[in-house]
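Note that the protein sequences, when read in sequence, are chains Z and L. For the first sequence, the working numbering gives the first residue as 77, with consecutive numbering after it. For the second sequence, the working numbering gives the first residue as 391, with consecutive numbering after it.
A portion of the hints provided could be inaccurate.
Simulated restraints on C-beta separations [claimed, not checked]: (1) L/K670 with Z/K144: 30 to 40 Å; (2) Z/W101 with L/K630: 23 to 33 Å; (3) Z/D154 with L/L393: 21 to 31 Å; (4) Z/P139 with L/P599: 35 to 45 Å; (5) Z/I130 with L/K630: 36 to 46 Å.
Treat the hints as calculated values from the structure; they're not laboratory data. Everything numeric in this text was worked out from a predicted model, so none of it was measured. Ideal placement from N, C-alpha and C gives every residue a C-beta, glycine not left out.
Spelled out, the chains give:
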Amino acid sequence: MKENQKLPEIVVSSGSMKINKTGSWRNLRPEIDYSKCIRCMICWKFCPDACIKINKEGIKLAPRENLKKEPAPEIDYDYCKGCGICAEECPAKCIAMLKEKK
Amino acid sequence: MRLTIPEEEVLSSGHLACPGCGATLAMRLALKALGRDTIVVIPACCWSTIDGVFPNSALGVPVMHIAFEAAAIAASGIKAGLIAKGNTHTQVMAWAGDGGTFDIGIQALSGAAERNDDIIYVCYDNEAYQNTGIQRSSATPYGAWTTTTPRKHPKQEPKKNIVDIMSAHRIPYIATATIAYPEDFVRKFKKAREIKGTRFIHIFSPCPPGWKMKEQDTVKVSRIAVKSCVFPLFEIEDGKLKINIKPSRRQDVRDYLKLQGRFSHLKEEDIKRIQKEIDKNWQNLLKREEAHEG
């Protein structure tokens with residue numbers, strides 16, 4: 077019962093489930109080929125785990141010169157569950173689902 | 391880069407949804423549209439587990455977990471409390487599954503709608519009691535497999551038309567939305583935020599384990615559902631119906647059915663019956679829109 081007394085009375089609603097690193101659930105690992113990525117952010121839009129971050133600095137590898145400084149999607153492997161929606165929806169087909177290594 | 395939906399993430403990572411969950415993507419988009427000045431009420435449904443283990447929560451807004459039948463009335467109560475305290479800006483959103491809306495929660499929802507309580511009621515419809523092990527609900531469509539309607543005896547009754555039920559309550563705003571059209575989805579929630587009274591939003595929410603489909607097909611199935619008119623996108627504002635997306639060439643319902651294992655046992659005559667039902671509903675919708683325009 078002592079344990080119960082330590083608990084707060086209400087749900088701590090600040091997105092505190094971040095302690096739960098769901099990346100360990102993954103069987104398939106999405107990898108973005110930045111040399112084909114057109115920075116459309118469709119993968120970011122459709123991620124149910126909100127684990128595709130927007131890298132504002134840009135990534136040097138890009139199919140065109142003007143895309144190098146554009147914000148680029150970056151997958152947070154701590155939380156990605158590997159559902160593959162990003163790879164399915166990617167119009168440039170630049171996300172590959174690879175088998176996860178231990 | 392121009393983002394077509396708000397950038398801020400209110401829903402955090404680390405939640406307990408299955409990979410490829412449609413309901414989670416729906417919540418992410420809904421909170422993007424509504425913002426942090428929102429209180430969410432969740433009855434028993436998938437989302438009561440997705441949200442996380444007490445005292446943690448994946449939502450960046452206050453959450454109240456409530457009994458199965460009480461989502462609408464709890465939201466009404468919270469809104470009344472906020473108004474008593476002089477807070478008129480915070481939105482209260484009840485977020486229930488199809489079981490908590492079509493079956494168990496319908497009396498509370500009907501009561502709130504009749505009083506026109508100032509809440510947003512969202513039903514994310516995954517067409518069965520997925521959280522407890524895929525039992526049939528009144529939202530399960532004709533012919534579908536569930537654990538209580540096995541392959542030899544699939545569901546014989548068509549899906550209940552919840553939007554017509556809500557429309558009969560004459561509430562100010564009703565809309566249907568799907569995650570395959572995020573811009574349309576966000577626009578509807580933003581619009582709902584500006585309207586006073588009961589607002590009802592019906593979301594089509596694919597469930598990979600319950601529908602026996604591939605995890606990566608969640609968005610694809612939602613898109614085909616709109617293009618084949620299985621789940622048309624429309625909104626009803628003050629009784630006026632407007633269809634948002636009219637597919638120029640309607641996709642065959644087979645494209646929708648073949649992606650899901652829960653329909654794999656269907657015979658040709660069953661598929662024809664489903665197509666007929668869809669055609670009828672679509673024609674009714676078109677007629678209704680025309681009547682309102684005239």
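Is 23 to 33 Å a correct range for the gap between the Cβ atoms of Z/W101 and L/K630? Given range 23 to 33 Å: violated, Cβ gap about 45 Å.
Does the Cβ-Cβ separation between Z/D154 and L/L393 fall within 21 to 31 Å? holds, 23 Å
Is it true that Z/P139 and L/P599 lie within 35 to 45 Å of each other by Cβ? At 37 Å between Cβs, range holds.
Does 30 to 40 Å hold as the CB distance between L/K670 and Z/K144, or does it fail? Check failed, 54 Å falls outside 30 to 40 Å.
For the pair Z/I130 and L/K630, does the Cβ-Cβ distance stay inside 36 to 46 Å? holds, 38 Å
Of the hints listed earlier, those the structure fails to meet are numbers 1 and 2, in rising order.
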